[in-house]
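Chains as they are written, first to last, in UniProt numbering: chain R, 1 to 213; chain X, 1 to 213.
To be clear, the hints were calculated from the coordinates, so they are not data collected in a lab. Note that the Cβ used here is the ideal one computed from N, Cα and C, for glycine as well.
Below, in silico cross-link-like pairs of lysine-lysine (DSS-like), each with a Cα-Cα straight-line distance of 30 Å or less:
| hint | chain 1 | residue 1 | chain 2 | residue 2 |
| --- | --- | --- | --- | --- |
| 1 | R | Lys6 | X | Lys101 |
| 2 | X | Lys101 | R | Lys61 |
| 3 | X | Lys61 | R | Lys121 |
| 4 | X | Lys107 | R | Lys107 |
| 5 | R | Lys77 | X | Lys77 |
| 6 | X | Lys44 | R | Lys174 |
| 7 | R | Lys182 | R | Lys197 |
| 8 | X | Lys44 | R | Lys116 |
| 9 | X | Lys44 | R | Lys115 |
| 10 | X | Lys121 | R | Lys107 |
| 11 | R | Lys121 | X | Lys121 |
| 12 | R | Lys101 | X | Lys101 |
| 13 | R | Lys44 | X | Lys173 |
Covered, in the sense of this in silico footprint (three residues per stretch, anywhere, with C-beta under 8 Å from a C-beta of chain R), are these stretches of chain X:
| hint | stretch |
| --- | --- |
| 14 | 45-59 |
| 15 | 70-79 |
| 16 | 90-104 |
| 17 | 126-132 |
Number of protein chains: 2
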Amino acid sequence: MAPSYKLLYFNFTGRGEPLRLLLAYGGIPFEDNRFEWDDWPKIKPTTPIGQVPVLEIDGVKYTQTTPLCRYLARVLKLDGKDMLEDLAIETAVEMLWDILKTAYERKFEPEEERKKQILDKLHGQMTVLLGKLDEDTKKNGYIALNRITWADLIFLCVYEDLQNFLAGEDPFKKYPNLENLKNKLLKNKNLQEYLLKRPSNTVNTAYDLKSDI
Amino acid sequence: MAPSYKLLYFNFTGRGEPLRLLLAYGGIPFEDNRFEWDDWPKIKPTTPIGQVPVLEIDGVKYTQTTPLCRYLARVLKLDGKDMLEDLAIETAVEMLWDILKTAYERKFEPEEERKKQILDKLHGQMTVLLGKLDEDTKKNGYIALNRITWADLIFLCVYEDLQNFLAGEDPFKKYPNLENLKNKLLKNKNLQEYLLKRPSNTVNTAYDLKSDI
Chain R
1 MAPSYKLLYF NFTGRGEPLR LLLAYGGIPF EDNRFEWDDW PKIKPTTPIG
51 QVPVLEIDGV KYTQTTPLCR YLARVLKLDG KDMLEDLAIE TAVEMLWDIL
101 KTAYERKFEP EEERKKQILD KLHGQMTVLL GKLDEDTKKN GYIALNRITW
151 ADLIFLCVYE DLQNFLAGED PFKKYPNLEN LKNKLLKNKN LQEYLLKRPS
201 NTVNTAYDLK SDI
Chain X
1 MAPSYKLLYF NFTGRGEPLR LLLAYGGIPF EDNRFEWDDW PKIKPTTPIG
51 QVPVLEIDGV KYTQTTPLCR YLARVLKLDG KDMLEDLAIE TAVEMLWDIL
101 KTAYERKFEP EEERKKQILD KLHGQMTVLL GKLDEDTKKN GYIALNRITW
151 ADLIFLCVYE DLQNFLAGED PFKKYPNLEN LKNKLLKNKN LQEYLLKRPS
201 NTVNTAYDLK SDI
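Let the hints inform the model, and build the full structure from the sequences given.
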C-alpha cells in the first residue's frame, strides 16, 4: 500500500512548496495542512524540532526540506541514476537554495541600509549562479541533467519566490533558457492541476505561477 | 583505478573540513590544497562558481559541500541502506548545518548588539537541536543510525567549530552522549593520523580535535 503523506507548513511557498510540487507532480495524494503566520506560536511546539515543513509519512513526522525532497525524488524516480548524476542534481539544488536564502535574508532584514547591501549580494549571486544554471539548461534542456529531475521542481519554486521578492525587476529576463524551462515544466498536467487549485498565497501575492499556465 | 581527489579550501575548518575528514576516514589519498584568507581574491575567479570548497574528482571540478559529502559517503559506504535511513542521516546533517550557519553568522556580524542577538538564537538552536541529537545518540550509539554514517563525521567538524566559536563556555557539557560520541570517533586510526598531521588552523586556534586524541 502506498504510504500516506501529510504536510504541515505556512500558507505560503518558501520551504514547503518544493514538497508540495514534488507530491503534486508525482500525482501522490497528500493532506496539505496550511496555517497562517499568527498561528505559528501555537503550532511550533507540536513539531519535532520547532521547524516546518513537517512531512508525516505513515504517521511518522519528518522535518528538513532538502532531505525530504531527496526522499520524494527517489520515490518518484526524479533522482540520478548514479552517484555523479546525483551530485549534479544536488549541486544545482544547493545553488538555487543559496539564492533563495539571500532573498529571504533581505525580506526579513529590518534596516534599510543592510537591505540594500543584501540586495547587491543577491544580484551578484544571481549573475553567477543563474548564469551558470541558464547555460547548463541551454545545453541539457533541463537544469541539471538531460531529463527532468527534482532540481527542476526546486527551480520552479525558486522562480516563483524570486518573482515575488524582486517584483518589478523581472529577475529572469537575462536568463531565457530558464524562462523557457519554466514554461516547459508548466505544461505538466499534474502541476497545472495543483497550481490552479492551490489556495492563494497569503504572503506573496504579486506573482503566482498559475498566471503562466 | 581509484579516482584522484584534489581539494581546494581555506586553511581552516568550516565547509572544507567535512570533505577532508571523510577522505581521511576512508583512507583515500587526496591533495589538500589550503590557502590563506588574503589569497582568496586571486583564487575565487579560478573556481566554477566563485565558491570553495572545490573538489576535483579525476580533474573535474565540483563544488557545494553537502552534495560532495553525500558523494563521498556513498563511495565509503557511510550512507544509508535505504531511503528512510538516508532521510535520518541527512536530517541530522541539516540540523548540524543549521547550528553551524548561525555560529558563522555571529562570527561575521560586525555590530555588537546584533552579535548578542545571534548568540541567543544560537543557544536556542543548540538547546533544541543538540538536545535532540544527544537523545538520538544515547539511543543509537551514533548520531543518526545505530552505526557510523557520514552524519557522525559532520558532527565531528561541527563539534570542533563550536568549541572555537564558543570558546570558554564548553558548549557540549550539557550533551554527554555527544561528548562520548566525539571520543569514540576519535579512536579511529585514520582520523587520528589526519588530525595529528594537519596544519594548524590559522583562523580558529583555541581548540583543535587533536588535543582529544
